[in-house]
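For the sequence shown, this note's numbering begins at 1 and goes up steadily by one.
Don't read these hints as lab results, they were simulated from the structure. Treat the hints with care, since some could be wrong.
Once the Cα atoms are required to be at most 30 angstroms apart in a straight line, the calculated DSSO-like pairs of lysine-lysine come out as [stated by the list, open to error]:
1) 47 to 58
2) 162 to 180
3) 58 to 40
4) 58 to 38
5) 180 to 38
Computed Cβ-Cβ distance ranges for the label pairs, DEER-style [said to hold, decoys possible]:
6) 155 to 98: 48 to 54 angstroms
7) 74 to 174: 24 to 30 angstroms
8) 50 to 114: 20 to 26 angstroms
For every residue, glycine included, the Cβ atom is placed at its ideal position computed from N, Cα and C.
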Amino acid sequence: MFGHADIWRAIDRLAEAHGLSASGLARRAGLDPTTFNKSKRITREGKARWPSTESVSKVLDATGASMGELIAYMSDEAVPPAGLRTFPVIGMAQAGREGFFDDAGYPSGAGWDDIPFPDVGDPHAYALEISGSSMEPVYRDGDVIIVSPQATLRRGDRVVLKTRDGEVMAKVLRRRSARKYELQSVNVEHDDRSIPIDEVEWAARIVWASQ
Numbered sequence: 001m002f003g004h005a006d007i008w009r010a011i012d013r014l015a016e017a018h019g020l021s022a023s024g025l026a027r028r029a030g031l032d033p034t035t036f037n038k039s040k041r042i043t044r045e046g047k048a049r050w051p052s053t054e055s056v057s058k059v060l061d062a063t064g065a066s067m068g069e070l071i072a073y074m075s076d077e078a079v080p081p082a083g084l085r086t087f088p089v090i091g092m093a094q095a096g097r098e099g100f101f102d103d104a105g106y107p108s109g110a111g112w113d114d115i116p117f118p119d120v121g122d123p124h125a126y127a128l129e130i131s132g133s134s135m136e137p138v139y140r141d142g143d144v145i146i147v148s149p150q151a152t153l154r155r156g157d158r159v160v161l162k163t164r165d166g167e168v169m170a171k172v173l174r175r176r177s178a179r180k181y182e183l184q185s186v187n188v189e190h191d192d193r194s195i196p197i198d199e200v201e202w203a204a205r206i207v208w209a210s211q
């Protein structure tokens, strides 16, 4: 007999198998992005809240998974398929806080989740869930990107940059000089940025993304 924690574990694992966060899975299924948030799995009174039959059906349609696959995710250990690797993942907003990265821009500390993704050959690579619309239509709110802090940065690369003030942004590297980073927003509704080198904590290349 499967319980409340099992069904939610299965939804999380189904999302991971498709390179998505729980909120990204909800968006793909046409649901409110907060539908599968962990805060919604228990009511304020402490009672278990179950996903609706309709939301489960929409998730299966959106991913092409069968009910049998979902049930398997309830009972089996989550093992990344061949060719995939488990990456630490957090949201863009979390990435701006202290404690999630060391001075070199490598992931550290607690609070990271895990997600399976194609291996990119960088043991320090990690995943971020996109928030906002500045990278649309290339990356949309809820997409998950893989970031490689060891990859060499070149003009035209899509990058994630964190300022010393804790601002984290995903942009296109237009130019990096001895004095500043010049960054371009893919979405024309967002301004390009020019940030002095001494205000940048780290910058890393985006090497993969869920679509």
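Hints versus structure:
1. 47 to 58: holds, 24 angstroms
2. 162 to 180: Holds - the C-alpha atoms of residue 180 and residue 162 are around 13 angstroms apart, at most 30 angstroms.
3. 58 to 40: Within the cut-off at roughly 18 angstroms; holds.
4. 58 to 38: Given pair residue 58, residue 38 holds - Cα atoms ~19 angstroms apart, limit 30 angstroms.
5. 180 to 38: violated, 40 angstroms
6. 155 to 98: 48 to 54 angstroms: Violated, since residue 155 and residue 98 (Cβ atoms, about 31 angstroms apart) do not stay within the stated range.
7. 74 to 174: 24 to 30 angstroms: violated, 47 angstroms
8. 50 to 114: 20 to 26 angstroms: Holds, since residue 50 and residue 114 (Cβ atoms, about 24 angstroms apart) stay within the stated range.
The earlier numbered hints that this structure contradicts are 5, 6, 7.
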